[in-house]
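Here are the chains, one letter per residue:
Number of protein chains: 2
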Amino acid sequence: MKKTALIIIDMQNDFVLQNAPQCIVGAEAIVPNIQKVLTFFRSKNLPIFHVYREYREDGSDIEKTRLDDFLTQQKYCVPHTKGCEIIDALTPIEGEYKIVKNRFSGFMQTELDFILRRLDIEKIVVCGIQYPNCIRATIFDGVALGYEVTLITDATEAQTEEIATANIVDIANIGVECITTKLFMNKKEKL
Amino acid sequence: MKKTALIIIDMQNDFVLQNAPQCIVGAEAIVPNIQKVLTFFRSKNLPIFHVYREYREDGSDIEKTRLDDFLTQQKYCVPHTKGCEIIDALTPIEGEYKIVKNRFSGFMQTELDFILRRLDIEKIVVCGIQYPNCIRATIFDGVALGYEVTLITDATEAQTEEIATANIVDIANIGVECITTKLFMNKKEKL
Chain A
2 MKKTALIIID
12 MQNDFVLQNA
22 PQCIVGAEAI
32 VPNIQKVLTF
42 FRSKNLPIFH
52 VYREYREDGS
62 DIEKTRLDDF
72 LTQQKYCVPH
82 TKGCEIIDAL
92 TPIEGEYKIV
102 KNRFSGFMQT
112 ELDFILRRLD
122 IEKIVVCGIQ
132 YPNCIRATIF
142 DGVALGYEVT
152 LITDATEAQT
162 EEIATANIVD
172 IANIGVECIT
182 TKLFMNKKEK
192 L
Chain B
2 MKKTALIIID
12 MQNDFVLQNA
22 PQCIVGAEAI
32 VPNIQKVLTF
42 FRSKNLPIFH
52 VYREYREDGS
62 DIEKTRLDDF
72 LTQQKYCVPH
82 TKGCEIIDAL
92 TPIEGEYKIV
102 KNRFSGFMQT
112 ELDFILRRLD
122 IEKIVVCGIQ
132 YPNCIRATIF
142 DGVALGYEVT
152 LITDATEAQT
162 EEIATANIVD
172 IANIGVECIT
182 TKLFMNKKEK
192 L
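Just so you know, the protein sequences line up as chains A and B, in that order. The first sequence begins at 2 in my numbering and counts up one residue at a time. The second sequence begins at 2 in my numbering and counts up one residue at a time.
Extracted from the complex, chain A is given alone in its bound form (with noise of 0.2 angstroms):
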């Protein structure tokens, strides 16, 4: 049996809360479903990784494009804020591993295939925000490394339903299975 790791992304205080500088729509109405998901790997102790981003205040580690924002307006995901938590109703327990990312890609630079690489992951679970950056840059590059991928499609969110539907699609097309958490949980016991 191939050993399958789940990885969250980007499920911090910044991103998910109303209000919140960078909140994504949609993104608390995913809660539940990342709940059923990150239960079931708790239960059956398989590795789960939170994937999340930090900016340092100086915004020199964030995206260029995103630059001028951060440095103007509101700042986000600042090591050592509420903001940069990850939302409570996700917080990583003891055994867990939380991955600091820059840029969209979970894989970018980070210790994120090392730490796959020597647990024998073969599959990753893949959820959280949002489709059209960080969830689909992973995505990529997690098939590019030779990972077998599962999206679970409806833990997982973008600012508009069209944006999600046409990432699906090209998602799906590079051999990802893309699949509802009732559909995962249905075929759970496979892990």
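The set of hints was computed from the structure by calculation and includes no laboratory data. The hints are all genuine.
Copies of one chain are not kept apart here, so a pair can be met inside one copy or by any two copies together.
Below are the BS3-like pairs computed for lysine-lysine, each with C-alpha atoms no more than 30 angstroms apart in a straight line:
| hint | residue 1 | residue 2 |
| --- | --- | --- |
| 1 | 3 | 65 |
| 2 | 188 | 99 |
| 3 | 4 | 65 |
| 4 | 76 | 45 |
| 5 | 45 | 65 |
| 6 | 99 | 65 |
| 7 | 83 | 99 |
| 8 | 76 | 99 |
For this one, chain A is given, so just place chain B on it according to the hints.
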């Protein structure tokens, strides 16, 4: 004038202090030279990067060749331990960058290059420990990525003089300026 940054590598208690689990012979002896260079960069308000090791306690992010010893003997560079901290004499101050690495090169799967580029750094000055591993790997990657590199030879150490000398030969041969602290301090006005 080319903008220059200082990179100090792995000057952590677990590598530097006598009787530390992974003590590098002679690491303490180079501290005064590193301090001279550090003080100069601080006086000029030039960017300073403290690049250092962290290993998760479960060993999931340590090099494969070090894994068995790490798990069965004394652990080192575990986050939030005293041993993992940068030595008191070189403690980072506000505005200086701390970059965590899990491998030999300070550039491998870290945000170091993101930030150097953002700051328009063209030249890096490297010192710390130790020659054959982290110093060399960081310098070779730095050259490969297009930075001009200066190595401060007597602010850098190895386990033996022979290893240090052999590495300096190889490093000089790829076009890296290898100079002593004294020579660097005498020509520092060019920065």
